[in-house]
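A.B. asks: Take a look at the letters that make up each chain.
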Amino acid sequence: MKCVIEGNGVKVFGKAVHALSRIGNEIWLDPQEKGLAVRTVNSSQSAYACFCFTPLFFQQYIPDPDIQNGCEAVKCMLNMKCVLPLFRCASWKERRVDRCEISVNIPNSRVIFQFHCRHGITKTYNLGYQECEALQAVFPAHLCPNVLMAQSKLLGDIVVHFPVSQEEVTLSISSFKVTLKTFCEEENNCIKGMNTELMLHPDEFDYFQVGEDSAVTFCLKELRGLLSFAEPYGLPVNCQFGVAGQPVSFTVKDMTLEAHVVLSTLTDPNHESPSQPAPGDDCPVNVTNTSTAEITTCESPMETEVCVADGEHVASSQGSEVFNPDLHMRKMIQLHAPGEILPKLSLIPESALTTPVTPATSKIRSLLFGAVYSDGGKDKTADLPSLACASDTEDDGGTEE
Amino acid sequence: MKFRAKIIDVGCLNHFTRVVNTVSRLTKACVLRLTCDHLYFVLSGRVATGGVSMWCELSQVNFFDEFQLEGVSADANEIFLEVAPENFSRALKTAQNAKSVKIKLTKKTCPCLTLAAELPSLSSVSRVVTHDIPVDVIPRRLWHDFREPQMPDFDVSIYLPPLKTMKSVVDRMKNLSNYLVLEANLNGEMNLKIETDLVSVTTHFKELGNPPWGDDGSQSSSPTHRDPDLMAEARVDIKKLQQFLMGQQVNPSKAMCNIVHRRILHLIFLHEDVSLQYFIPAVV
Numbered sequence: 001m002k003c004v005i006e007g008n009g010v011k012v013f014g015k016a017v018h019a020l021s022r023i024g025n026e027i028w029l030d031p032q033e034k035g036l037a038v039r040t041v042n043s044s045q046s047a048y049a050c051f052c053f054t055p056l057f058f059q060q061y062i063p064d065p066d067i068q069n070g071c072e073a074v075k076c077m078l079n080m081k082c083v084l085p086l087f088r089c090a091s092w093k094e095r096r097v098d099r100c101e102i103s104v105n106i107p108n109s110r111v112i113f114q115f116h117c118r119h120g121i122t123k124t125y126n127l128g129y130q131e132c133e134a135l136q137a138v139f140p141a142h143l144c145p146n147v148l149m150a151q152s153k154l155l156g157d158i159v160v161h162f163p164v165s166q167e168e169v170t171l172s173i174s175s176f177k178v179t180l181k182t183f184c185e186e187e188n189n190c191i192k193g194m195n196t197e198l199m200l201h202p203d204e205f206d207y208f209q210v211g212e213d214s215a216v217t218f219c220l221k222e223l224r225g226l227l228s229f230a231e232p233y234g235l236p237v238n239c240q241f242g243v244a245g246q247p248v249s250f251t252v253k254d255m256t257l258e259a260h261v262v263l264s265t266l267t268d269p270n271h272e273s274p275s276q277p278a279p280g281d282d283c284p285v286n287v288t289n290t291s292t293a294e295i296t297t298c299e300s301p302m303e304t305e306v307c308v309a310d311g312e313h314v315a316s317s318q319g320s321e322v323f324n325p326d327l328h329m330r331k332m333i334q335l336h337a338p339g340e341i342l343p344k345l346s347l348i349p350e351s352a353l354t355t356p357v358t359p360a361t362s363k364i365r366s367l368l369f370g371a372v373y374s375d376g377g378k379d380k381t382a383d384l385p386s387l388a389c390a391s392d393t394e395d396d397g398g399t400e401e
Numbered sequence: 001m002k003f004r005a006k007i008i009d010v011g012c013l014n015h016f017t018r019v020v021n022t023v024s025r026l027t028k029a030c031v032l033r034l035t036c037d038h039l040y041f042v043l044s045g046r047v048a049t050g051g052v053s054m055w056c057e058l059s060q061v062n063f064f065d066e067f068q069l070e071g072v073s074a075d076a077n078e079i080f081l082e083v084a085p086e087n088f089s090r091a092l093k094t095a096q097n098a099k100s101v102k103i104k105l106t107k108k109t110c111p112c113l114t115l116a117a118e119l120p121s122l123s124s125v126s127r128v129v130t131h132d133i134p135v136d137v138i139p140r141r142l143w144h145d146f147r148e149p150q151m152p153d154f155d156v157s158i159y160l161p162p163l164k165t166m167k168s169v170v171d172r173m174k175n176l177s178n179y180l181v182l183e184a185n186l187n188g189e190m191n192l193k194i195e196t197d198l199v200s201v202t203t204h205f206k207e208l209g210n211p212p213w214g215d216d217g218s219q220s221s222s223p224t225h226r227d228p229d230l231m232a233e234a235r236v237d238i239k240k241l242q243q244f245l246m247g248q249q250v251n252p253s254k255a256m257c258n259i260v261h262r263r264i265l266h267l268i269f270l271h272e273d274v275s276l277q278y279f280i281p282a283v284v
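Protein chains in written order, with my numbering: chain A, 1 to 401; chain B, 1 to 284.
The hints are simulated quantities; they were obtained by calculation from the structure and are not laboratory data.
There could be a bad hint or two in this list.
To be verified - With the C-beta cut set under 7 Å, the calculated list includes, among others, these residues of chain B facing chain A:
no.	residue
1	Gln-96
2	Glu-118
3	Leu-122
4	Val-129
5	Met-256
6	Val-260
7	His-261
8	Arg-263
Claimed, not checked - Part of the chain A face toward chain B, derived, beta carbon under 10 Å:
no.	residue
9	Asn-8
10	Asp-64
11	Met-149
12	Pro-163
13	Leu-200
14	Glu-204
What the hints assert, rightly or not - Restricting the straight-line Cα-Cα distance to at most 25 Å, the calculated cross-link-like pairs of lysine-lysine (BS3-like) are:
no.	chain 1	residue 1	chain 2	residue 2
15	B	Lys-164	B	Lys-254
16	B	Lys-28	A	Lys-177
17	A	Lys-177	B	Lys-108
18	A	Lys-153	B	Lys-99
19	A	Lys-2	A	Lys-81
20	B	Lys-108	B	Lys-93
21	A	Lys-221	A	Lys-153
22	B	Lys-108	B	Lys-6
23	B	Lys-104	A	Lys-177
24	A	Lys-11	A	Lys-81
25	A	Lys-15	A	Lys-123
26	B	Lys-99	B	Lys-28
27	A	Lys-153	B	Lys-93
28	B	Lys-206	B	Lys-167
29	A	Lys-81	A	Lys-123
30	B	Lys-93	B	Lys-104
31	B	Lys-99	A	Lys-177
32	A	Lys-177	B	Lys-2
33	B	Lys-99	B	Lys-6
34	B	Lys-164	B	Lys-239
35	B	Lys-6	B	Lys-102
36	B	Lys-102	B	Lys-2
37	B	Lys-99	A	Lys-221
38	A	Lys-221	A	Lys-177
Quantities reported herein were computed from a predicted structural model and do not represent experimental measurements.
We put the CB at the ideal spot given by N, CA and C, even for glycine.
With the hints as constraints, model all of the structure from the sequences given.
C.D. replies: Shown next, in the form of structure tokens:
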């Protein structure tokens, strides 16, 4: 993989790295046909973020230089602590850096970041990486009943009311209003801290769709990275979610990049969510616009989830064997048999706005989302349903405005 | 007990926010005393605070458009609440461009001061942000702890030099010593002194002017009997003085201090509609 980013783009890339660093400690680089995906997940696997830079973003983008030899683009995992300092002084870098070249040296297992700066100075950083399966959360965005789209400034104005240290917030939606408030786990906690609640009218949003009245609780801290990325560029943010327990996704799109943050939400302890298996069930039906190949490869993980997630939600959150990430890694590798060449053609018709969608799902690197794995009591942001669904995040018909 | 108040004017809101910010910089917890005419932020001198006490008085008509109070009882028509001014400050911070701010005493899981701000929005319906600030209601039997402090029998009263200058002097002195001596006389002269084993530094201020207390107050010795050049001094913990100076966001109309020789430093800041008094005990 080799790519070249020119001056201003370096700043954007740096900001993306900053946003990702707010969530996870590792950064995954995944060069694909459609662009370079830079991803991270937090340690409890309850938050996932992905910035996908399309070829338009780069001065030059070669995902796979050894294509003739049949070598795949290598997927690398780097330590965030190694990458972040390279882009730390964003404003300084902007003035001085003419371009940045990122390449992967497979024999030495190094990702090389080379900054060509003014006055003929070149800074080269060789970072060791770990080769791994790509990290990708599969999120059935088009199945989300509730969709909000707002300018990032609006969201910025909303979250400013909450202290930076505030972890969880609850987003509630109904036909009349949208509410965001601090989440108190127990009665006692409320006494110590302040409770804040913000109420907005649906008119304030560029797009407002409420399919099902619901209230989802997620970690606000992990969203702030995306918002601070989007605000300077004035990009609109798309928010999709369902009922409590189902993950919430935030998306920012541009000609040159697409950023997603998917966060797990707390389940409502008051009722078992019978809709749990539903996304799994509906999935094969709804993705009629995707290729058959995708559906078949999806089915295996989905089936297992449906089995286990059926009804007994508490049991599944206790770390049942299906949600053991090791098991998933194994399943992922099974699906992607060794030696299988990834189809280069995209199987999904390109939409006007989005870049070509590779049959990423046919490679199914799905990492089932966090909370299904974490123990019930341990994490506050535990208890996520699995995200397995056939469609890739870019696929969602539901978000096309 | 009931309390409801409303601020509509943005200038009043900003001013009120500045006062609350100043108080929040001085102390982590204080008592908010509400009467029909006034609000008071009170910190009573305790060992825990190093004996420092504070009395901040606001006249409610200058800030609130609506103000309704029903106190503990008919003969004691007041409410005393223990509150963390930082919460109050934080709640007000994001409401600076609000169309209106309502403050109410409510009971959620615990007694709260609920601040509801109506914010401008992109639609016809305003955005409403509500903050619930937890408070503790102080029972009547403890009210005597939070009485208005008496004006001490001061020896010298003098106007302070420009706060910015004083603050920068104190900031630098803090690096050298933990204690500072503030001395002044009735000739408008004030010195800030520090003394350590290695070094002593004195900053002199002249022609500051002395407030004409005249017959007011409980001054025991009339000015004419006191030698105008005689200095009254108080040695105080420099951090406390610095904390007080740091907290000031607006230049007061009048800033003065009264010194009770070797006992207390009494600092008074007067704005148009707010008065702030701060007592720092002297150390030996």
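A.B. asks: So, for every hint listed, does it hold in this structure?
C.D. replies: Here's how the hints hold up against the structure:
The restraint placing Gln-96/B at the interface with chain A is violated, with a minimum CB-CB distance near 11 Å, outside the 7 Å limit. A least Cβ separation of about 10 Å between Glu-118/B and chain A goes past the 7 Å threshold, and the interface hint is therefore violated. Here the hint on Leu-122/B is kept, as its CB sits about 5 Å from the closest CB of chain A, short of 7 Å. The beta carbon of Val-129/B comes within 5 Å of a beta carbon in chain A, closer than 7 Å, and the hint placing it at the interface holds.
Annotation: Met-256/B was flagged as interfacial toward chain A, and the flag is violated, the nearest CB pair being 36 Å apart, outside 7 Å. Restraint check, Val-260/B versus chain A: the minimum CB separation of about 39 Å is more than 7 Å; hint violated. Of the supplied interface hints, the one on His-261/B is violated, with its beta-carbon coming no nearer than about 43 Å to a beta-carbon of chain A, more than 7 Å. About 38 Å separates the beta-carbon of Arg-263/B from the nearest beta-carbon of chain A, more than 7 Å, and the hint is not met.
Violation of the interface hint for Asn-8/A is found here, the shortest Cβ-Cβ separation to chain B being roughly 30 Å, above the 10 Å cut-off. This hint is violated: Asp-64/A has a C-beta 45 Å from the nearest C-beta of chain B, more than the 10 Å allowed. The restraint placing Met-149/A at the interface with chain B is violated, with a minimum CB-CB distance near 13 Å, outside the 10 Å limit. With a least beta-carbon distance of about 7 Å to chain B, the hint placing Pro-163/A at the interface is held under the 10 Å criterion.
Against a cut-off of 10 Å between C-beta atoms, the interface hint on Leu-200/A holds, since the closest Cβ of chain B lies about 5 Å away. Interface hint at Glu-204/A: satisfied, since its Cβ lies 5 Å from the closest Cβ of chain B, which is below the 10 Å cut-off. Restraint check for Lys-164/B and Lys-254/B: satisfied, since their Cα atoms lie roughly 14 Å apart, inside the 25 Å limit. Distance check on the hinted pair: Lys-28/B and Lys-177/A sit about 36 Å apart at the alpha-carbon level, beyond 25 Å; violated.
With a CA separation close to 22 Å, the supplied pair Lys-177/A and Lys-108/B stays within the 25 Å bound. Our distance criterion of 25 Å between C-alpha atoms is met by Lys-153/A and Lys-99/B, whose separation comes to about 20 Å. Of the pairs offered as hints, the one joining Lys-2/A and Lys-81/A holds, with about 22 Å between alpha carbons and a cut-off of 25 Å not exceeded. Among the hinted pairs, Lys-108/B with Lys-93/B is consistent with the structure: their alpha-carbon atoms are about 22 Å apart, no more than 25 Å.
Using a Cα cut-off of 25 Å, the hinted pair Lys-221/A and Lys-153/A holds, with the two alpha carbons roughly 17 Å apart. Between the alpha carbons of Lys-108/B and Lys-6/B the distance comes to roughly 20 Å, so the proposed pair stays at or under 25 Å and holds. As the CA atoms of Lys-104/B and Lys-177/A are separated by approximately 23 Å, the hinted pair is consistent with the 25 Å bound. For the suggested pair Lys-11/A and Lys-81/A, the alpha carbons sit about 18 Å apart, so the restraint of at most 25 Å is met.
Of the pairs offered as hints, the one joining Lys-15/A and Lys-123/A holds, with about 19 Å between alpha carbons and a cut-off of 25 Å not exceeded. A C-alpha spacing of about 29 Å is found between Lys-99/B and Lys-28/B, which places the hinted pair above 25 Å, so the restraint is violated. For the hint pairing Lys-153/A with Lys-93/B, the CA-to-CA distance comes to about 18 Å; that is within 25 Å, so the pair holds. Of the pairs offered as hints, the one joining Lys-206/B and Lys-167/B holds, with about 17 Å between alpha carbons and a cut-off of 25 Å not exceeded.
Between the alpha carbons of Lys-81/A and Lys-123/A the distance comes to roughly 18 Å, so the proposed pair stays at or under 25 Å and holds. Proposed proximity of Lys-93/B and Lys-104/B is supported: the alpha carbons are some 17 Å apart, at most 25 Å. A threshold of 25 Å between alpha carbons decides the hint, and for Lys-99/B with Lys-177/A the separation of about 20 Å falls inside it, so the pair holds. Distance check on the hinted pair: Lys-177/A and Lys-2/B sit about 29 Å apart at the alpha-carbon level, beyond 25 Å; violated.
Only pairs whose Cα atoms come within 25 Å are accepted, and Lys-99/B paired with Lys-6/B is accepted, the gap being roughly 11 Å. Restraint check for Lys-164/B and Lys-239/B: satisfied, since their Cα atoms lie roughly 16 Å apart, inside the 25 Å limit. Distance check on the hinted pair: Lys-6/B and Lys-102/B sit about 4 Å apart at the alpha-carbon level, within 25 Å; holds. Pair hint Lys-102/B plus Lys-2/B holds up; C-alpha atoms about 14 Å apart against a cutoff of 25 Å.
A hinted pair counts as satisfied when its Cα atoms are at most 25 Å apart, and Lys-99/B with Lys-221/A does not qualify at roughly 29 Å. Our distance criterion of 25 Å between C-alpha atoms is met by Lys-221/A and Lys-177/A, whose separation comes to about 23 Å.
Hint compliance for this structure: hints 1, 2, 5, 6, 7, 8, 9, 10, 11, 16, 26, 32, 37 are broken, all remaining hints hold.
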